[in-house]
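Colleague: So the sequences go chain by chain: A and B.
The numbering of the first sequence is this note's numbering, which starts it at 1 and goes up by one.
The numbering of the second sequence is this note's numbering, which starts it at 1001 and goes up by one.
No wet-lab data here; the hints were simulated from the structure.
Quick caveat: nothing in here was measured; it's all calculated off a predicted structure.
Certain hints may be false.
In the DSS-like style, the derived pairs of lysine-lysine whose C-alpha atoms are separated by at most 27 Å in a straight line are [what the hints assert, rightly or not]:
1. Lys138/A <-> Lys1030/B
2. Lys1030/B <-> Lys1205/B
3. Lys1250/B <-> Lys1238/B
4. Lys235/A <-> Lys138/A
5. Lys171/A <-> Lys1057/B
6. Lys1200/B <-> Lys1250/B
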Amino acid sequence: MQTEPLGHNVSLAERAYRIRRNALLMGEVQGQGYIGQALDIADVLATAYFHAMTYRPEDPEWEGRDRFLLSNGHYAIALYAALIEAGIVPEDELETYGSDGSRLPMSGMAAYTPGMEMSGGSLGLGLSIAVGRALGLKRKGSSCRVFTLFSDGELDEGSVWEAIMSASHWKLDNLIGIVDVNNQQADGPSTQVMAFEPLVDKLEAFGWFVQRVDGNDLDAVVAAFDAATSHTEPKPRMIVCDTRMGCGVPFLEAREKNHFIRVDEHEWQMALEALEAGRKA
Amino acid sequence: MKPVAPAPTKTRLKTSAMIASIAGEGQRTKPAPFGHALVELARSRPDIIGMTADLGKYTDLHIFGQAFPDRYYQMGMAEQLLMGAAAGMAHEGMVPFATTYAVFASRRAYDFIHQTIAEEDLNVKIACALPGLTSGYGPSHQAAEDLALFRAMPNMTVIDPCDAHEIEQVVPAMAAHQGPVYMRLLRGKVPLVLDEYDYKFELGKAKLLRDGADVLVISSGIMTMRALEVAAALEADKVGVAVLHVPTIKPLDAETILREASRSGRMVVVAENHTVIGGLGEAVAGLLLRSGVTPIFRQIGLPDEFLLAGALPTLHDHYGISTDAMSKTIKGWL
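Just chain A, with the same shape it has in the complex (with noise of 0.2 Å):
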């Protein structure tokens, strides 16, 4: 983050840490959620909020900021654990989290949430809109950037490879495609349910610049946002990031059925004790 930091000394690993736990203690409030994907997804937030992207806390919509859409609507509680560390959503709306009247609805919206720049929940979605956006902001000659998350399971939905195929032809440099490819979605292994293999080859034939790289490797992550925004070609950027769902609670890593978690009550403290075990010093 280019901005004046928020405890600037506070390390990556500590933020992916706290973004862990931020979901965890949301899941929590409901007893469940996608909490698998919050965790595995959480060291990509930590280096897009954290060191990639340039943004104003208290101004969520200030003109400069990078866009970063939540294609994945039921995410939302991963990227609330993001606007939480951020400063973006205030951390006592924590315990709100899918409850009536509450900013932080399970699918993410965007008229609800403050950072949240576009309703998910039906997927496929976000590409398109990010070319839009990534289009409208080179209109205005604006620098910012378009970052985009979205799944494995959306490459089933042919609006993703429009938006592939539309970026490229744009060449749309301001725009940066993060994958998450945990390999699970609502019926089971996304490359079972649908073979998306090979996926970086799919990606370059289609005109951007891919890199895959390990999501739960921060030092690699960082890496992979870094060749991303400074890369000089004029392609669309693509990051395809192999995670491992509930990484960092590792009873939670090995469950078998883990796209929508319920989790009993005893366990939430586990979970807990458990991601506090594993932190990194």
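With the hints as your guide, set chain B onto chain A.
Modeller: Just chain B now, with coordinates in the frame of chain A:
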């Protein structure tokens, strides 16, 4: 090569072409009123851009594209992307006019319009050609359900203009309106009718074009053109037909419709180029019933069927929305 003997003169077969003129024989027309009006508007509005899904030439947006090439975005044959990208443009402060055929916007891109545009009340203007039964190409291109679908979508303003004169006024009005608008677009050589009625389009307003004592026709789009012809035809039979033009399907001008429908002794006929399910007819019926106004009520519109392919005049006769067919139907109801 032997000279070919001239073919015997024979009647040219009627066509079921995708693009068929909706103008009647000898009717006055104006070319591409939407495209020209958008160019005119864009001269003073640098935020206006044009976007299309491989139908620039067939929605008259190419006129805009020629005038403002740097404000024209060809998104390819991808209606979902078109709508999502238009939403993104609107987020960044542009006012995109997105064009395609009505069938593709209503059927293929409905979720994208719903989620990326309407839910966030974005300033995207959707102008769609071949509305209702204005193509003889068959159900793939006949948008009989578009009004029902877009009426049902919250935040969406829905406009069904009658002619070139009206389209020229609708374009700046939709740009001036804050929020998403769906417009049924008549393209190519568009009939010119309403200039003779001292007519001025106002968003959300119904206009009484002519008065009559026996029948009140409430209509939108090209059916207003037909209703005016029906009124002239029935005048010869001493039947007084009033025509209330309702170009804004949503929000409906309840006040004017209730006022005109409350006048005693008139049969109310709603005429629309749309399925009788969920369009203007049922919108008016619901309004009247909720308000306790219960005239004799009739609907002229397309049946709840997949429509035939064929020449437009043939189909309009077949489905009862041609001037002759309407005249006969209304006389039969009297």
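Colleague: The structure should be examined with respect to each hint, and the outcome stated for every one.
Modeller: Do the hints match the structure? See the list:
no. : hint                    : verdict
1   : Lys138/A <-> Lys1030/B  : 36 Å, violated
2   : Lys1030/B <-> Lys1205/B : 24 Å, holds
3   : Lys1250/B <-> Lys1238/B : 34 Å, violated
4   : Lys235/A <-> Lys138/A   : 14 Å, holds
5   : Lys171/A <-> Lys1057/B  : 24 Å, holds
6   : Lys1200/B <-> Lys1250/B : 18 Å, holds
Comparing the model with each numbered hint stated earlier shows that hints 1 and 3 do not hold.
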